[in-house]
Every structure is written in C-alpha cells, then in structure tokens.
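A.B. asks: Listed below, chain by chain, are the residues.
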Amino acid sequence: MKAPLLDVRSLSVRFLTDEGTVQAVENVSLEIYPGEILGLVGESGCGKSVTALSILKLIPTPPGQISNGQVLFRGKDLLSLNEKEMEKVRGNEVAMIFQEPMTSLNPVFTVGQQIMEALIFHQGLDKREARKRAIKMLDRVKIPSPETRVDAYPHQLSGGMRQRVMIAMALSCQHDLLIADEPTTALDVTIQAEILGLLKEIQREMTMAVILITHDLGVISEIADRVAVMYAGRIVEYGPIRSIFEEMRHPYTRGLLMSLPQLDEKKERLSAIPGQVADPMALPQGCKFHPRCYLMIEDCKIEEPPLFRVNGDHLSRCIRWKECC
Amino acid sequence: MEKKRVIWRYFKKNRLAVGGLAMVIVIFMIAIFAAVLSPYDPDKTDVSLKLKPPSPRNYLGTDQLGRDVFSRMLYGSRISLRVGFIAVGISILIGILVGATAGYYGGWIDSVLMRFVDTMLCFPSFFLILTIVALLGPSIFNIMVVIGITSWEGTARFVRAEFLSLRERDYVQAAKALGVKDGRIIFRHILPNALAPVFVTATLGVASAILIEASLSFLGFGVQPPAPSWGNILTEGRTYVFDAWWLTVFPGLAILIAVLSFNLVGDGLRDALDPRLRGRR
Amino acid sequence: MSSFILRRLGQMFVTLVGISIISWVVITQAPGSPIALTLDPKVSPKIIEQMMKNYDLDKPIYQQYYLWLKRLFTGRLYSFKDGRPVLEKIRERIGNTLLLNLVATLIIFSLAIPLGVFSARRQYSFMDHLGTFGAYLGISTPGFWIAYLLILETVRLYGYPVLGMRSFVTEGFTTAQLVMDRIWHLTLPSVILAIQGIAGISRYTRSSMLEVIRQDYIRTARAKGLPRDTVYYMHALRNALLPIITIFGFLIPDLIGGSIIIETVFAWPGIGRLSFQAVLARDYPVVMTILTISAVLTLLGNFIADILYGIADPRIRYQ
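Chains as they are written, first to last, in numbering that gives the first Met the number 0: chain A, 0 to 324; chain B, 0 to 280; chain C, 0 to 318.
Next up, chain A with everything else stripped away, as it sits in the complex (with noise of 0.2 Å):
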C-alpha cells in the first residue's frame, strides 16, 4: 500500500464568535495518495471548504482556531510550521483553486503578471523567462491567442477564461497536490463540462492529487476516484467511488443522489432529503443527521457514532449501514 500524499488526521476546526463557538470541523480523517482524485461531497455549511482552507492554513486565525489534529503532507505536519514555511508549501507543492472567478483575481494587474508572480517567487524564474512559461500555461488551459491575452486584466476575460487563468496560475509550479474548492460551481453548465474535462486532462498528464470540493454529486460521478461526503463538519461516508454509488451505506449519501435529477427516469417530484440542514450553532444531540434520516432509530439520538468498516477502505457513519440503501 503506497504512502499516502497528504493525511489529515482527525482535524476539528471552530470558530469563536460574539454568538458562541461554532464547531465547523470535527474529527474529519482523510487521505490522498499521488495522482488520484478525491472528491469532497456535502451541502454548502457542511465544513468542506473549511477542511480545504485548514490544509494550507488559510483559515482567518482570530475567529477561527485549529483545535485538533494534524495535516501530514509527505510525512510532514503543515499545522506545525510558522508562516514563512508554509509560504514556501503554499502554490508550490499545493496549489489551490477557488469558486469565484469574478473575485479571486486581482483587478489592478494583468492575468499574465498574477501568473508571472508564483513562478518568479517560487522558482527564480526572471521576467522574461517567466512570461514565456505563462504564454504556455495560459495555451496548456486552452486560452486562444494566449500571446495577446496574457497582458489582459481579468474584468476583460470571461468567468469562464478566468477560471483557466486560475487553474494556469495554480498549475504554474508543478504541484503534486491541487486542491479546487467548487472550481465549476459559478459557471454554466457547458463551460462546467469544459473545465472540468480540463482539469481530468491535466491531472492525468501531470500525475496531479486533486482534492475536488462540490456539493454536485453527478461531478464526482464522472472524475473521482474516491469520495468523502461531509455533514455537519463531519465525514459521513468514506470510500472508492465505485463502492459508494454502487452501493452506498449512508441515508446522507443516498439522500444526495436521489435528489440528482435523472435524464432518463420518469418521476412525479424530485425527492428531497427532508428537514433542513443541520446549524453548526446548535447541532443535535447524537448522530448530526438523525432529525432528518428515514431509518432513524431512538439509539441515533444518543451517542454520535463512529465510522464503521463497510469492506476494505468503505466507511459509513451509520450504526444501521448494513441495513441502508
């Protein structure tokens, strides 16, 4: 069994507000190993960009605060070092992409120069040798006339363009690890499909560890290789994606693909997983997802519990897995 590229070991992240402490993280374990995709399932709220965000300790620390855990990139704790070591991990040995093209680029410098920068701080490239290498990358992402383009400011591109610009300036370094927070979430439909044929091509190409955060489960569906579904700053659901769909042993999980619209089923109503989602302030008593789960027994309001070996590396957060789904 190959050595995992980057283990998260029981992270609980929270956040200390003027209401109360919010609980965004709790106990979440993952693993990626080189060149695979996992993808990171849940509902907006769930905790998933938190998780991300906690890996390269991004997370604004005055209200936020990693209570617990560790993040073994490569044998090495990220949570450990200062922050002019973790400038040095940041953008390039992992890379990470955001959901909103529109405002993660900066407006007052060219797309060309915002590429140049990763390249020139990280690698010693000098200008022009640096402005070569983003003429490429702008032409890997498929940008036309990526010559003219790389001295166009974002506000004259594209979401779309920009979102290429983001995954180029991403993969600039060579990266063995990107993480993509909901990269496709704010464009359209057909540019989705694009973008995300882009990043398969390039993943593959570059033997690239993706960790794919969405809360679309038809993306995973088609680009995953392994799944985590997250509720309520939990992981629910843990395992290869082949596992999971074929047969899925969590009532969230289930839920989730059941509310996907099928092209080719006759249905009366989309089924919705009822209830609504779980609030980080005042999470239940026992297992999270109790309130609103179908096979909901008196035991799920007693005691949270713990992640049950399915088969092989297939996990469920369910005390009644054998019997779901």
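Just so you know, the hints here were simulated from the structure itself, not pulled from any lab data. Do not rely on the hints blindly, as some may be mistaken.
Okay, the calculated bits of chain B under chain C, using three or more residues with CB under 8 Å as the criterion [claimed, not checked]:
| hint | stretch |
| --- | --- |
| 1 | 114-121 |
| 2 | 129-140 |
| 3 | 209-215 |
| 4 | 254-268 |
From the three backbone atoms N, C-alpha and C, an ideal C-beta is built for every residue, glycine too.
Since the structure of chain A is already known, use the hints to place chains B and C on it.
C.D. replies: Frame of chain A; chains B and C shown alone:
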C-alpha cells in the same frame, strides 16, 4: 431591537468611543447643572479682580472684566451644545428630506437633486458660513441656521443610498401594491431603517458645528459677548495672551475635549454600524 | 475612456453654472446685501442712487446676474475697498495660498496614508487605537488655538519671527538663506493646516485597506504562497489606494476654508486672508469672486481626480 443591542455591543468594545461617550455625558451634565456648579455669576464684572491667575478662589482665573472664567466656561458649554445640536438638527432635517426624495423617486428628480448636492459640496463651507453670517449679523440664531443649511450634504448622500437599496425590498413593494401613499411609505416604512448612518453624521456634525462656532468667534463673527461662549472667551483673551495665559489655554482645551469626544463617539458608531469591518475580535 | 471624460465634462459644466448662480444669489439677495440697503429708509437717496448705478440694481435680476458674470470674466469687477480690479488682487495672492496648500497636501498624504495602512494591518491593536486617537486629536484641535500656542512657544524658544511669508530683514541674504527663510516661515502654517486633513485621509485609507483585505483575490494571493508583506503592500494597497484618489478633490474646499484662519493668524498674504479682510470690509465683489473661484477650483480638482482614477483603475481604462 436586536440590531440595536448588537450595535451597542460592538460600540462598547471600542474603548476610545466609550471614553468619548462618557465625556459627552459629562459635558451634558455640566450644561444642565451649570447654574448649580458655578461658584459665581458669569456676567458679574468686578474690575478690581481683573486678570487674576487661577487660584482657589477662581479656579480658572478671571478675565479682563473681572468675571470668573470657570463660571463662564460652565455656561459656555450651554452655548456650544445648543449651537451644535440645533445646527445639526436643521442639517439632518434638510438632509433627510433631500436624500429621501432623491433615493425614493430616483430618475430625474434624483439627478437634479444630486447635481444640486454636488454643486453645494464645491463651496468651501467655512467661507460660505463666514460670509453669510457676516451679511446677516452674528447672532446665535443666525449662526445655528447658517451652519445647518450648509452642512446637510453628507446626510443627504447617506439617506439617499439607504433609500435606493431599501425601496427594492419586498415590504415596500407590498405596501405600494396595497396602494399606500408615497409619503406614508417613506416616513413609516423606509425611514426608520434608513436612519442608522444619520446618527453618525449627526454626531460628527455636532463636533464640526462646535468647531465652526469657535472659529467664527475667533474671527469676530461668533456668538457675541457678553454671552459666554468658549470661542469668545478665547478671542477676548487674545489681547492679553502674554499676561493671562489662562484665557487662551482653558477655553481652547474645552473646545478640544468637546469636539474630540463627539468625534470619537461618531467614529465608534460608524465602525459599529459597518458590518464589513467587523469580525476580527 | 473618452466617453467617460465627455460625460464628466458635461456634468462639470452644469455644476459650473450652478456654482455661479448660487454664489451670486447668496451674496446679492441676502439681507445686509446692497439690495437690502436700498430698501432701507434710513439711507439717503443719493447714496442709494449711487449704489443702484454701481451694482446695476436698476436692471432686472437676470440681467444683473449676466452683467456680473460678464464683468467677472473680463476682469472688470472692481473691489469696493480700493477700486482695484478684483482679479488683479487675487492674482497677486493666489500663488502664496497655493504654495501653502501644496505643502500642506504633501504633508497630509505622506503622513496619512502610511498611518492608515499601518493602522489597518494592526486592527484593534493598541497602535491602531493610538493612531485613531492621534488622528482625531488633530481634527478636533481648533486650528487658531494651536497656532497661537505654537507661535508663542516658537517665538519664546527661538526668538525668530514666524509671521508672514518672510522675515522683515532680508537684504543681504544669500539665495540659500532666502530659501531657508521661506521654508522656516512655511513650516508652522502648513503643518497646522495639514493636521486637520490627516485624520480624514488616514481613516479613509484604513477602512479602504480593511475592506480590500477581505476580498477573495487577497486569499488567492496568499494561497499562491506569496509572503505576507507582498500580499499586503502590493496586492492590497494598490487596490485600496484607488478610492483615495477620488477624495483628493474634496480636500480643496477644506483647505481653502482652513486657509482663512491660518493665513489670518500667520499674516500670510494669500487669498484666505484677502477673503477675510473683504468680508470685514463688506467688499462684495471680492467675496463673490473668491467664492466662485474656490468652487471652480474644487470642481476642477474633482474632475482631475476622476480622470486620474480612470487612468489608474484598469477596469475603467480598458472598457
């Protein structure tokens, strides 16, 4: 109501603002209880006691007509507060009227009004105030009114901005659909929610008005003696600045402290009201 | 970009007209003005007749306005005090005021912006509060008061004259000494003038920085592994400074207003002092002209600021 409590909580954290508020309350108390606190009649002259330095008899000394400076200063707070609040009251009224109309109706009314505001903003306000007060004569009434009618632009802008965003809200659309008259919508439905920034401009406006009155006094166009204002005590003391430093230092300090306090409160309010700047504590 | 400029020019013109109208209305129609005097029964008819002729008061209102405007532009407006053309009096002094204000502006920007940036970086820290307090102290201090105290102290300490633009005895001074003398006389008034502007700009810089830091692209910059300082001073500051350009135009009326007091205290021969003397002497042509000119200068200042902003912000430069 919930909103007010949250705002107060943020305000409390700002120690400078709280200090300013405490000072403002002190000044208010002084103004209200001036009669009780003054050891002497502020207008009583006694030439034999003229230009005496601070002593246990006259805490802040006497002026060139033998009047007790301490008592005059206590009464002076009344004038400063009165000028400040009435001038600001007038400017808020005008500002709300202009801002609400522009923000609610939009279109050409908005354009015309905003062009007017832009025009007024180009004038150096102090010079304008000085000129008009000189024309009309420096009575306290004139001063208050003139300051009021030249400082409403800021309020107008903020109120207009609030109205522009609030008028799209559902409850406004609903009221309109129900046929509620415009005036009522403006005053009962939108205005209460639009008032937050007005508190900021009002507080800062009081500070500014007090400073303007003092500056007018310095040039001879402020509240005229024998009425005791901090500004005119200072101005009258100008002739004796080498011999009677207390006539210059104390009124100036009083003006400084009063203006500073109102400014700090206004700034604290502004920070507390701006949700974008919160979140690091 | 050009449509942007054209639009601004059009707006400017409308505002210019508005300015001239308001200036004229305020002075001539207010009580205490020449017109009111003519209605005063105590004034002798001969004087009234003279005033009517001097001010064209016998003509209808709009013609009065038009004639005034014409006189203003052709330099035919004469001061009441000494009969000299108003524009000439202004021209003599405006350079001095501009010099004073220019130095004050330089001081303001070179102090206020670093102060604001520094404060924002350490939001809520002791230094931040200290900076805020200092800035507000500056804006709350009555200019004339601190000016007086400082003049007295300086004269006591150095025994050197501080008032006016130059010392009385300047013959036999070398050029270097003349320049030093000029700088000496400039220091105190421009510093006091500047103190009042520093608060506003530093607070504005601070809040602009605070807002920019919370933007997504700053997070992206950090995720790229750029050092904190680079993120702060290159990415954030560049964006935060943009809105500050726009308020530059609004500094002008405040500086002019402040000039009145400072120039009077320091006997600085500029238009601030001129305007006060004109007010005292009821010299309406001078007052009206200065009022109008100040407003026009502000307008121009704003216009230039907007153009500069359009150049600095790529989103406007390349539409």
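A.B. asks: Is the listed coverage of the stretch 129-140 of chain B by chain C valid when you require three or more residues with a beta carbon under 8 Å from a beta carbon of that chain?
C.D. replies: holds (count 7)
A.B. asks: Under 8 Å between beta-carbons, do enough residues of the stretch 114-121 of chain B, three at least, approach chain C for the coverage claim to hold?
C.D. replies: Our answer is that it holds, as 7 residues pass the Cβ test (under 8 Å) against chain C, meeting three.
A.B. asks: At least three residues with a C-beta closer than 8 Å to a C-beta of chain C: is that true for the stretch 209-215 of chain B?
C.D. replies: Since three or more residues must qualify, the claim that chain C covers the stretch 209-215 of chain B holds, with 3 doing so at under 8 Å.
A.B. asks: For the stretch 254-268 of chain B, does the count of residues with a C-beta closer than 8 Å to a C-beta of chain C reach 3?
C.D. replies: holds (count 7)
Taken one by one, the earlier hints all hold for this structure without exception.
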